[in-house]
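Protein chains: 4
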Amino acid sequence: MNRKILIGVMGPGAGASEVDRKNAYELGKLIAQEGWVLLTGGRNMGVMDAANQGAKAANGLTVGILPTDSDRGISDAVDIAIFTDMGSARNNINVLSSDVVIACGMGTGTASEVALALKANKSVILLSEHPESQQFFKSLSAARVSIVQTPVDAIAIVKDLLS
Amino acid sequence: MNRKILIGVMGPGAGASEVDRKNAYELGKLIAQEGWVLLTGGRNMGVMDAANQGAKAANGLTVGILPTDSDRGISDAVDIAIFTDMGSARNNINVLSSDVVIACGMGTGTASEVALALKANKSVILLSEHPESQQFFKSLSAARVSIVQTPVDAIAIVKDLLS
Amino acid sequence: MNRKILIGVMGPGAGASEVDRKNAYELGKLIAQEGWVLLTGGRNMGVMDAANQGAKAANGLTVGILPTDSDRGISDAVDIAIFTDMGSARNNINVLSSDVVIACGMGTGTASEVALALKANKSVILLSEHPESQQFFKSLSAARVSIVQTPVDAIAIVKDLLS
Amino acid sequence: MNRKILIGVMGPGAGASEVDRKNAYELGKLIAQEGWVLLTGGRNMGVMDAANQGAKAANGLTVGILPTDSDRGISDAVDIAIFTDMGSARNNINVLSSDVVIACGMGTGTASEVALALKANKSVILLSEHPESQQFFKSLSAARVSIVQTPVDAIAIVKDLLS
Chain A
11 MNRKILIGVM
21 GPGAGASEVD
31 RKNAYELGKL
41 IAQEGWVLLT
51 GGRNMGVMDA
61 ANQGAKAANG
71 LTVGILPTDS
81 DRGISDAVDI
91 AIFTDMGSAR
101 NNINVLSSDV
111 VIACGMGTGT
121 ASEVALALKA
131 NKSVILLSEH
141 PESQQFFKSL
151 SAARVSIVQT
161 PVDAIAIVKD
171 LLS
Chain B
11 MNRKILIGVM
21 GPGAGASEVD
31 RKNAYELGKL
41 IAQEGWVLLT
51 GGRNMGVMDA
61 ANQGAKAANG
71 LTVGILPTDS
81 DRGISDAVDI
91 AIFTDMGSAR
101 NNINVLSSDV
111 VIACGMGTGT
121 ASEVALALKA
131 NKSVILLSEH
141 PESQQFFKSL
151 SAARVSIVQT
161 PVDAIAIVKD
171 LLS
Chain C
11 MNRKILIGVM
21 GPGAGASEVD
31 RKNAYELGKL
41 IAQEGWVLLT
51 GGRNMGVMDA
61 ANQGAKAANG
71 LTVGILPTDS
81 DRGISDAVDI
91 AIFTDMGSAR
101 NNINVLSSDV
111 VIACGMGTGT
121 ASEVALALKA
131 NKSVILLSEH
141 PESQQFFKSL
151 SAARVSIVQT
161 PVDAIAIVKD
171 LLS
Chain D
11 MNRKILIGVM
21 GPGAGASEVD
31 RKNAYELGKL
41 IAQEGWVLLT
51 GGRNMGVMDA
61 ANQGAKAANG
71 LTVGILPTDS
81 DRGISDAVDI
91 AIFTDMGSAR
101 NNINVLSSDV
111 VIACGMGTGT
121 ASEVALALKA
131 NKSVILLSEH
141 PESQQFFKSL
151 SAARVSIVQT
161 PVDAIAIVKD
171 LLS
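The listed protein sequences correspond, in order, to chains A, B, C and D. Be aware that the first sequence starts at 11, since it is given in the numbering used here, and climbs by one per residue. Be aware that the second sequence starts at 11, since it is given in the numbering used here, and climbs by one per residue. Be aware that the third sequence starts at 11, since it is given in the numbering used here, and climbs by one per residue. Be aware that the fourth sequence starts at 11, since it is given in the numbering used here, and climbs by one per residue.
Heads up, some of the hints might be wrong.
Intra- or inter-copy, both count: the list cannot distinguish identical chains.
Claimed, not checked - Taking lysine-lysine pairs in the BS3-like style, the calculated list, with each CA pair at most 30 Å apart, reads:
#1 Lys132 / Lys169
#2 Lys14 / Lys132
#3 Lys32 / Lys148
#4 Lys132 / Lys148
#5 Lys169 / Lys14
#6 Lys14 / Lys32
#7 Lys169 / Lys148
#8 Lys32 / Lys169
Hints were generated in silico from the structure; no laboratory data involved. Keep in mind it's a predicted model, so treat the numbers as computed, not measured.
Given only the sequences and the hints, what does the whole structure look like? Please build it.
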């Protein structure tokens, strides 16, 4: 089996904070350094773009699952572009294709991805300063939601989940 | 323009409580009495089935957007079955096709629908005893989330939103 | 079981000929007269619009499965609008949700629908003056493809398939 | 821009002939030797599996867009697995994500992919002994359909289209 490990980093686009983007860049770099493939929503903004830039800075391989049918608006740090033309319905593909999902920051799109990941029995790591989301997703699935404070902690949990 | 008003009722399947099912039945009945079309996920369990049974008890018209490719597992109170064969990705179709979304109860699938509805700038009415979900979705979008205690209150807000 | 029979009429939008549109109008009218629900791609052009207009002229019920996320470009003769925001991927939903598929005219989108219908083991009726499509689809599935010359003949075959 | 070139090889699964599989293996090998990424439907049978095996024999990178939600039935020569859980609706993603589509052999699924590719204004290369498909797709779009007899000829046309 050649199948590579894909780690999904989900987070806000236009609504990302500077902390979210810094964390996403660091997550992308650490994922690449572990030899894993980074999967994101592929757009040229916010968490998606920052994670891809971080992964490429560490010579990683990056996959973007785009909501559109063409490369307008794509992050220039995406290697493999999957064009779905499905809008937010592609969020389900994002989580099904990720061995582990890391949510970096929070917003409506990210919330849908965390919920869809839990629906599909995926483990989710929340890296977010947003207390309501921690309480809500813990209430939905205490066993499969981990809460972390730093990218390094997130990667430690991914390693644990994959082993 | 012949287009009818579709009101979506989203909620847990197997995980629905008795209160959820009772509320869903009542919502279905009230929606039908207003002359609106009921839209659900179409399955023969939980909130989906109860809402459809309520709507048919009041001679309403019901649409089910199924995750499957055939009518195995469909509620027998669905009039118009749309087979997507898309699993949970069909949740986005549910909310895009609803003029207003009512979440009756809470679970991972329902949470994804509320989040996708807010992402698409839809108004969402939460009828749920689940305080973490109220706080979380209010934190995502205070303006477009309404919290109600009864089906009658939900319908009053729908009327207000449609006018 | 309340589930109604849905008959799909698929055909070109902007590329429809006058004969295609006339046949589609007649098909919509005959489908409504049989008490079946008409399903189309829902747009305000070509075969989709003509079939919906025909069905409404006979007081039928019409379902449109739109490629978009909103009602811009929708036929005003659609009663139940399902917004997929999935572009041409919605063609698979069109055929899975139709008890029988009638292709009225031919084009790239229609060809994809006929192929997807055959892939899903659906019966397809071709009403088209396009000899290459008859030969091609017959070569893919001789048993499940019927070729007809008139809307009346198409409806006769639908009745036969449903019985 | 880091985006890599993806070449899609589409063809029958269980229904593939020995010639189809031999051609697919050769296509996969040649695509890898050009430094392009191979994209297929990802399953462990027919043209999909053969193309992936050929690409890996030449140390290529392979992407599989699966109809399922998990790796049951996946080709062991897929590097990057995208799980759509969308059945045949994923065929539209296959073609939108391919810079050029090569159809190797013919069947109902492959026919839907060729039609969807033409609908999306993609160029399609037909490598098939099936005269009805050549005539049909040429009749749909003479300008964007190329017919070839060998994998080497297919690759020559891809190079031409990309330049």
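Next on the checklist: Run through the hints listed earlier and report the numbers of any the structure violates, in increasing order.
Outcome noted: none
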